[in-house]
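Visitor: Top to bottom, those sequences are chains A and B. Be aware that the first sequence starts at 1, since it is given in the numbering used here, and climbs by one per residue. Be aware that the second sequence starts at 1, since it is given in the numbering used here, and climbs by one per residue.
Hints may contain errors.
[As the list claims (entries may be wrong)] Taking lysine-lysine and the DSS-like style, the derived pairs with C-alpha atoms no more than 30 Å apart in a straight line are:
(1) B/LYS28 - B/LYS67
(2) A/LYS39 - B/LYS55
(3) B/LYS239 - B/LYS229
(4) A/LYS39 - B/LYS9
(5) A/LYS3 - B/LYS293
(6) B/LYS293 - B/LYS212
(7) B/LYS55 - B/LYS83
(8) A/LYS3 - B/LYS22
(9) A/LYS22 - B/LYS141
(10) B/LYS22 - A/LYS22
(11) A/LYS3 - B/LYS141
(12) A/LYS22 - B/LYS28
(13) A/LYS3 - A/LYS39
(14) B/LYS212 - B/LYS246
(15) B/LYS55 - B/LYS22
(16) A/LYS121 - B/LYS83
(17) B/LYS14 - B/LYS206
(18) B/LYS229 - A/LYS155
(19) B/LYS238 - A/LYS3
(20) B/LYS71 - B/LYS137
(21) B/LYS282 - B/LYS238
(22) B/LYS206 - B/LYS71
(23) B/LYS24 - B/LYS67
(24) B/LYS239 - A/LYS22
(25) B/LYS247 - B/LYS229
(26) A/LYS3 - B/LYS55
(27) A/LYS39 - B/LYS28
(28) B/LYS14 - A/LYS22
Honestly, the hints are just simulated from the structure, not real lab data.
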Amino acid sequence: MEKQLLRITVNHQYHELYIEPKRLLVEVLRNELELTGTKRACSTGACCACSVILNGMAVKSCSVLAMQADECEVLTVESLAENGELTPLQKAFLDFGAFQCGFCTSGMLMSATAFLRETPKPTVDQIREALHGNLCRCTGYNSIIRAVKAVADGKYKGSSQ
Amino acid sequence: MIRDFVYFKAGTVKETLDLLDKYKDDYKIICGGQSLLILMRQGLVAPANLIDIKKVTELSYIEFDLKTGLKIGAATTHRDIEKSEIIKKHYPILVYMEENIASNQTRNWGTIGGNLCHGDPTGDPGPVFIALNALVKIADKKKERNLLLEDFFVDYFETALQDGELLLEIQIPIIAPLTAVAYEKFNIIQNDQGIVSAAVSITLTKDGDSCKDARIVLGGAASKPLRIKEAEQILMGKKLTDSLLKKAGEKASELADPVSDIHASETYRRYLAEVLTKRMVKKAWEQALTYMKR
Ligand SMILES: Cc1cc2nc3c(=O)[nH]c(=O)nc-3n(C[C@H](O)[C@H](O)[C@H](O)COP(=O)(O)OP(=O)(O)OC[C@H]3O[C@@H](n4cnc5c(N)ncnc54)[C@H](O)[C@@H]3O)c2cc1C
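Just chain A, with the same shape it has in the complex (with noise of 0.2 Å):
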């Protein structure tokens, strides 16, 4: 099949790609730019693990062909940290041990990252409601709703969520 131009920015930088139409944004982003950090998991929709940041909103990056990406910016789990410097989400998840096998915590990072830009301020239960799709097989949620309502009340300084 021939391979098509996808113009795309993947963590502020601008990539142009030759990719056959049929490949899914997450196989884009770990295969061919080798961003590893996000990761596959059903593949069938079901459980927001590979979820990225598309154009500010987040998305199931297995979910969306590639080429619906074009022109477009998507962020990943390795745009977070800066210079080693983790985000405060980041940081609250390591304090309040938000993983045990670490699978769901990219797609976790960026549903929160991209729910408390939507709504800095959320109740517990709309922090519920926006991570109910991300699901986290160890069972872990508790911890990870509380280390996203740590930063959003403000126990954490530093670099933007």
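Mind docking chain B with the ligand on chain A? Use the hints.
Guide: Frame of chain A; chain B with the ligand shown alone:
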């Protein structure tokens, strides 16, 4: 594995309709892809040509007018509907419905047109829009046509769309005075597809004494969203009583045509149809009564 296809990105409605006409024999439209990509990955759908309408901005809008009502472009995302101030003010039931569809991630990218065209009988917008008496605007390269949404759904995952046709818009008339709409789906996991759902619209007579008009629509209870006109008839001209609710619920259960699957048996679905019909008629009715007091 997704099978290879030739990819076209349409920029306008006209361009889309030209592409649909040109590749009439073997194409599929993709908008948000939230439903389609799952089917393509399973190899259930393998089009030779994929026509992408996600960037057709002409199809993404929410317009409201006090005379003509609400118009929603087919490529409007679930999230835009959920966040719309106009919709919140005039059709709050749609906000409630949207908040209970899937995850933020799905609603951010998935569209209302894609939801309807997917033709899933357990989808939420179908029953709610039909209770609101919605119309859909459809076009192919040669002509446009309007269709009642209740006639748009044909069978499991099948709609009235013909080859070359594109869904353009959903139109919802102004809600009549003294009318309230209620909707609920029953599911095991919150925000999952409903097992059975009921959308009910009740219009009261001027004195608020009895029911002037009713629409009862079930989701997940047949091969498509099902309007139960006989149950609506039971309510017309009557006062709200427990026995009236029971009669309407029983009629809905009787006329539902559900199947047994891993989520629920046919018997259980019929039971849900009865319970949800009763609850939603009561809820809409009581809500409409509060409009009397204003
Ligand atoms: C995890 C998950 C949970 C979900 N939960 C719910 C739920 O609780 N309730 C609910 O109602 N839905 C639910 N959905 C379905 C979701 O709402 C739909 O997947 C979404 O709205 C489809 O929109 P799309 O733009 O992604 O459509 P696509 O997947 O792009 O398209 C779907 C179908 O519509 C056709 N199509 C799209 N646009 C047009 C158009 N303008 N004209 C003609 N044909 C068109 C496509 O060819 C395809 O056949 C869920 C989906 C997922 C993945």
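Visitor: Of all the hints given earlier, name the ones this structure violates by number, lowest first.
Guide: Numbers 1, 5, 17, 18, 19, 23, 24 - these are the hints that the structure violates, sorted from lowest upward.
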